[in-house]
Amino acid sequence: AQSVTQLGSHVSVSEGALVLLRCNYSSSVPPYLFWYVQYPNKGLQLLLKYTSAATLVKGINGFEAEFKKSETSFHLTKPSAHMSDAAEYFCAVGFTGGGNKLTFGTGTQLKVEL
Amino acid sequence: ETGVTQSPTHLIKTRGQQVTLRCSSQSGHNTVSWYQQALGQGPQFIFQYYREEENGRGNFPPRFSGLQFPNYSSELNVNALELDDSALYLCASSLLGGTGVTGELFFGEGSRLTVL
Chain R
22 AQSVTQLGSH
32 VSVSEGALVL
42 LRCNYSSSVP
52 PYLFWYVQYP
62 NKGLQLLLKY
72 TSAATLVKGI
82 NGFEAEFKKS
92 ETSFHLTKPS
102 AHMSDAAEYF
112 CAVGFTGGGN
122 KLTFGTGTQL
132 KVEL
Chain Z
2 ETGVTQSPTH
12 LIKTRGQQVT
22 LRCSSQSGHN
32 TVSWYQQALG
42 QGPQFIFQYY
52 REEENGRGNF
62 PPRFSGLQFP
72 NYSSELNVNA
82 LELDDSALYL
92 CASSLLGGTG
102 VTGELFFGEG
112 SRLTVL
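Residue numbers (the numbering used here), protein chains in the order written: chain R, 22 to 135; chain Z, 2 to 117.
By construction, these hints were calculated from the structure, which means they are not laboratory data. Built from N, CA and C at the ideal position, the CB exists for glycine as well. One thing to keep in mind: the hints can contain errors.
Computed spacing ranges between beta-carbons, pair by pair [said to hold, decoys possible]: (1) S35/R to Q42/Z: 37 to 43 Å; (2) N60/Z to V50/R: 16 to 22 Å; (3) S35/R to P62/Z: 30 to 36 Å; (4) K89/R to T115/Z: 39 to 45 Å; (5) T127/R to T21/Z: 40 to 46 Å; (6) Q19/Z to E87/R: 43 to 49 Å; (7) G37/R to L68/Z: 44 to 50 Å; (8) Q130/R to G17/Z: 48 to 54 Å.
Computed far set for chain Z versus chain R, every beta-carbon distance over 12 Å [to be verified]: (9) I13; (10) G17; (11) T21.
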């Protein structure tokens with residue numbers, strides 16, 4: 022069984038500040054990990070994915086995430102927040118043999134303030 | 002623009018009715034997955050279709066069913082609607098299929114179903 026926990030349903034940062042969105046996972050098999058972003062009234066868009074290659078993964082729009090097996094974490098970071106980053110972010114886990122069955126977290130709403 | 006289109010965008014039904022939601026996958030993608038996203042929640046996997054066959058299902062009752070057509074478009078059917086079925090239904094297509102490596106999913110904007 023797999024599960025994802027996103028700590029903090031709402032995160033607020035100032036424009037230019039560091040963005041840190043937390044994700045912890047549980048998986049009985051080696052996981053594939055994803056971060057997706059959802060803008061209002063839109064579908065989800067893939068930001069980045071970890072598939073057992075490099076543990077530091079770079080994604081679109083300046084985001085990156087680091088896979089830490091010992092901590093079962095896959096936190097999302099961005100050095101400098103921009104107003105356009107305001108959206109809901111979802112962490113998700115999948116596994117080989119699971120096809121496209123992803124288990125999503127409950128999401129973190131990111132607010133960026135001037 | 003992801004290329005995945007869903008219809009209708011919004012609809013209202015009453016309890017006990019049936020609904021059909023439609024999805025056109027991105028060109029060249031042979032796998033379609035359906036997810037249910039309740040308000041304030043993350044998407045939950047309903048099922049996946051690969052080469053016109055269901056090959057993965059989440060924790061949803063049999064009244065949730067689907068089809069995939071030769072052109073890889075897909076339908077989600079829900080019978081005997083319940084109030085808890087009110088949600089955003091997301092379709093996602095992918096180039097990689099089967100039960101192998103999870104590929105990148107391209108999501109549509111969803112169909113918002115309200116059950117009264």
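How the hints compare with the structure:
{"no.": "1", "hint": "S35/R to Q42/Z: 37 to 43 Å", "in the structure": "28 Å, violated"}
{"no.": "2", "hint": "N60/Z to V50/R: 16 to 22 Å", "in the structure": "19 Å, holds"}
{"no.": "3", "hint": "S35/R to P62/Z: 30 to 36 Å", "in the structure": "46 Å, violated"}
{"no.": "4", "hint": "K89/R to T115/Z: 39 to 45 Å", "in the structure": "41 Å, holds"}
{"no.": "5", "hint": "T127/R to T21/Z: 40 to 46 Å", "in the structure": "28 Å, violated"}
{"no.": "6", "hint": "Q19/Z to E87/R: 43 to 49 Å", "in the structure": "46 Å, holds"}
{"no.": "7", "hint": "G37/R to L68/Z: 44 to 50 Å", "in the structure": "49 Å, holds"}
{"no.": "8", "hint": "Q130/R to G17/Z: 48 to 54 Å", "in the structure": "34 Å, violated"}
{"no.": "9", "hint": "I13", "in the structure": "17 Å, holds"}
{"no.": "10", "hint": "G17", "in the structure": "28 Å, holds"}
{"no.": "11", "hint": "T21", "in the structure": "19 Å, holds"}
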